[in-house]
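S.K.: My request is simple: use the sequences and hints to build the entire structure.
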Amino acid sequence: MSARVGVVLFPGSNCEHDVVEAIHALGGQAEIVWHGAASLPAVDAVVLPGGFAHGDYLRPGAIARFSPVMEAVRAMAAGGGAVVGICNGFQVLTEAGLLPGALQKNAGLKFICTTVELRVESTNSVLTSGMTPGGILSIPINHFEGNYTCSAETLARLRDEDRVVLRYVDNPNGSMDAIAGIRNEQGNVVGLMPHPERACDPLAGSNDGAALLRCLLAAASGVRAA
Amino acid sequence: MGRFEVLVEVSLRDGVADPQGATVERSLPALGFDGVSDVRVGKAVRFNLDAPDADAAMDRARRLSESFLSNPVIEDVRIELGEESGAGAPRSGTGTDMSPGSWPS
Chain H
79 MSARVGVVLF PGSNCEHDVV EAIHALGGQA EIVWHGAASL PAVDAVVLPG GFAHGDYLRP
139 GAIARFSPVM EAVRAMAAGG GAVVGICNGF QVLTEAGLLP GALQKNAGLK FICTTVELRV
199 ESTNSVLTSG MTPGGILSIP INHFEGNYTC SAETLARLRD EDRVVLRYVD NPNGSMDAIA
259 GIRNEQGNVV GLMPHPERAC DPLAGSNDGA ALLRCLLAAA SGVRAA
Chain L
10 MGRFEVLVEV SLRDGVADPQ GATVERSLPA LGFDGVSDVR VGKAVRFNLD APDADAAMDR
70 ARRLSESFLS NPVIEDVRIE LGEESGAGAP RSGTGTDMSP GSWPS
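Line by line, the protein sequences give chains H and L. Each residue of the first sequence is one higher than the one before, counting from 79 in the numbering used here. Each residue of the second sequence is one higher than the one before, counting from 10 in the numbering used here.
Keep in mind that the hints were calculated from the coordinates and are not lab data. Be careful, since some hints might not be right.
Below, a sample of chain H positions facing chain L; criterion: calculated Cβ distance under 7 Å [unchecked claim]:
no., residue
1, Q182
2, L187
3, K188
4, T227
5, A256
Label pairs and their computed distance ranges (CB to CB) [what the hints assert, rightly or not]:
no., chain 1, residue 1, chain 2, residue 2, range
6, H, S207, L, M10, 53 to 59 Å
7, L, S94, H, H95, 46 to 52 Å
8, L, Q29, H, D248, 37 to 43 Å
9, H, E263, L, T32, 36 to 42 Å
10, L, D68, H, N285, 31 to 37 Å
11, L, Q29, H, R152, 31 to 37 Å
12, H, W112, L, Q29, 33 to 39 Å
13, L, V25, H, A116, 34 to 40 Å
14, L, V48, H, S80, 40 to 46 Å
15, L, R69, H, A234, 33 to 39 Å
16, L, D47, H, G105, 24 to 30 Å
17, H, T210, L, D47, 46 to 52 Å
Chain H residues, not near chain L, derived (Cβ > 10 Å throughout) [what the hints assert, rightly or not]:
no., residue
18, G90
19, N92
20, D96
21, E109
22, R137
23, G208
24, S229
25, V242
26, D248
27, Q264
28, L281
29, G283
30, A296
For each residue, glycine too, the CB sits at the ideal point set by N, CA and C.
M.R.: Below you can see the structure in the form of structure tokens.
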């Protein structure tokens with residue numbers, strides 16, 4: 079049975095269909111879940127996609143954390159279910175307190191839309207469990223607020239606990255320690271600024287994102303089987 | 010119960026790079042404005058708050074600023090409490106209700 083992924087649609091999300099397409103292409107099931115839903119359908123994983131949830135009013139993710147569906151997402155994360163936030167979804171996860179730190183404006187104050195190289199660091203996460211540590215991936219980024227920052231204590235913890243999932247090979251946005259993605263303590267919640275769903279077909283320039291989403295589907299199936 | 014005008018200034022914490030402020034600062038000399046330093050760009054949020062007294066108003070303003078209006082990981086808030094302005098009969102609102110319960114499901 080293939081894994082079933084819920085992709086949350088906030089008002090202002092704009093990458094939800096890309097994620098659904100990518101999951102389908104990889105043999106998974108995917109469906110869009112409206113942010114106003116009080117509960118999640120029976121899914122094995124949740125993706126918070128990129129975009130501008132609630133217009134990024136106040137701060138990216140600041141309003142989205144109050145969306146009704148976030149209670150269910152929070153419960154799913156607490157229960158060990160796979161939750162992945164991509165780009166704006168990563169910002170939502172930090173604002174919701176499901177991941178530490180914050181994403182501030184890019185150091186150069188430029189919106190960056192380009193393909194970058196990423197190094198796989200921790201393989202102890204639902205998004206990277208089948209990857210090779212140190213492996214290099216070519217995946218697009220597309221953001222204005224992707225400059226990861228956190229307190230010195232948090233950074234020390236992230237490093238000591240192997241919670242940096244992906245690092246930029248050539249830091250494009252000023253992120254602390256070149257962090258492109260992190261995970262929670264258990265590894266079931268992951269946030270990353272790059273868009274794996276946009277690197278799922280050689281025609282799109284890279285297929286490296288598919289490797290990450292395959293890991294997610296495998297991890298999600300595992301949770302269901304357990 | 011009185012009504013207090015509140016002004017909340019949200020700015021990046023000291024030590025957090027403020028590229029917007031730095032860019033503004035670098036631009037000023039080009040217009041002939043010398044001697045401007047330590048430019049920080051933030052945002053201001055203004056609202057009225059009903060509370061029994063000034064202390065209670067300040068306490069609520071601080072809590073809502075730190076839990077919602079700012080992200081304490083990167084931002085600081087400065088709160089200005091205005092004079093109490095009479096009884097706090099709620100104004101008739103014409104804005105969009107943004108409370109979570111009002112969202113379509």
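S.K.: Please go over all the hints and tell whether each is borne out by the structure.
M.R.: These are the hints, each one checked on the structure:
The beta carbon of Q182(H) comes within 5 Å of a beta carbon in chain L, closer than 7 Å, and the hint placing it at the interface holds. Nearest Cβ of chain L to the Cβ of L187(H): about 5 Å, under the 7 Å cut. The hint holds. Against a cut-off of 7 Å between C-beta atoms, the interface hint on K188(H) is violated, since the closest Cβ of chain L lies about 10 Å away. A cut of 7 Å between beta carbons decides the hint on T227(H): the least distance to chain L is about 6 Å, and the hint holds.
At a threshold of 7 Å, the smallest CB-CB gap from A256(H) to chain L is about 15 Å, leaving the interface hint violated. For S207(H) paired with M10(L), a C-beta distance near 56 Å keeps the hint of 53 to 59 Å intact. At about 50 Å, the beta-carbon gap between S94(L) and H95(H) stays in the expected band of 46 to 52 Å. In this structure the hint that Q29(L) and D248(H) lie 37 to 43 Å apart at CB is violated, the actual value being about 24 Å.
At about 38 Å, the CB distance of E263(H) to T32(L) agrees with the hint of 36 to 42 Å. Under the hint 31 to 37 Å, the C-beta atoms of D68(L) and N285(H), about 55 Å apart, miss the expected range. Taken as a hint, the range 31 to 37 Å holds for the pair Q29(L) and R152(H), whose Cβ atoms sit roughly 33 Å apart. In this structure the supplied range 33 to 39 Å holds for W112(H) paired with Q29(L), their Cβ-Cβ distance being about 35 Å.
For the hinted restraint 34 to 40 Å between V25(L) and A116(H), the CB-CB distance of approximately 37 Å keeps it satisfied. For the pair V48(L) and S80(H), the beta carbons lie near 54 Å from each other, so the given range of 40 to 46 Å is not met. Distance hint check: the CB atoms of R69(L) and A234(H) are about 35 Å apart, consistent with the given range 33 to 39 Å. Range check, D47(L) to G105(H): about 56 Å between beta-carbon atoms, so the 24 to 30 Å window is missed.
A hinted range of 46 to 52 Å for the beta carbons of T210(H) and D47(L) is consistent with their spacing of about 47 Å. Listed as outside the interface, G90(H) is consistent with that label: its C-beta sits roughly 13 Å from the nearest C-beta of chain L, beyond the 10 Å cut-off. For N92(H), the shortest C-beta to C-beta distance to chain L comes to about 19 Å, beyond the 10 Å cut-off, and the non-interface label holds. Against chain L, the non-interface label of D96(H) holds: every CB pair exceeds 10 Å, the least being about 24 Å.
Every C-beta of chain L lies more than 10 Å from that of E109(H), the closest at about 16 Å, which supports listing it as non-interface. Not every Cβ of chain L is farther than 10 Å from the Cβ of R137(H); the closest lies at roughly 6 Å, contradicting the non-interface assignment. Listed as a non-interface residue, G208(H) keeps its Cβ farther than 10 Å from every Cβ of chain L; the least gap is roughly 32 Å. A cut-off of 10 Å between C-beta atoms contradicts the statement that S229(H) is not in contact with chain L; the least separation is 7 Å.
Annotated as non-interface, V242(H) keeps its C-beta farther than 10 Å from every C-beta of chain L; the closest such distance is 17 Å. The non-interface label for D248(H) is consistent with chain L: the shortest C-beta to C-beta separation is roughly 19 Å, beyond 10 Å. Interface exclusion of Q264(H) from chain L stands, the closest Cβ pair being 21 Å apart, more than 10 Å. For L281(H), the shortest C-beta to C-beta distance to chain L comes to about 36 Å, beyond the 10 Å cut-off, and the non-interface label holds.
The Cβ of G283(H) lies farther than 10 Å from every Cβ of chain L, with a closest approach of about 29 Å, so its non-interface assignment holds. Distance check for A296(H) against chain L: the nearest CB is about 32 Å away, which clears 10 Å, and the non-interface claim stands.
The earlier numbered hints that this structure contradicts are 3, 5, 8, 10, 14, 16, 22 and 24.
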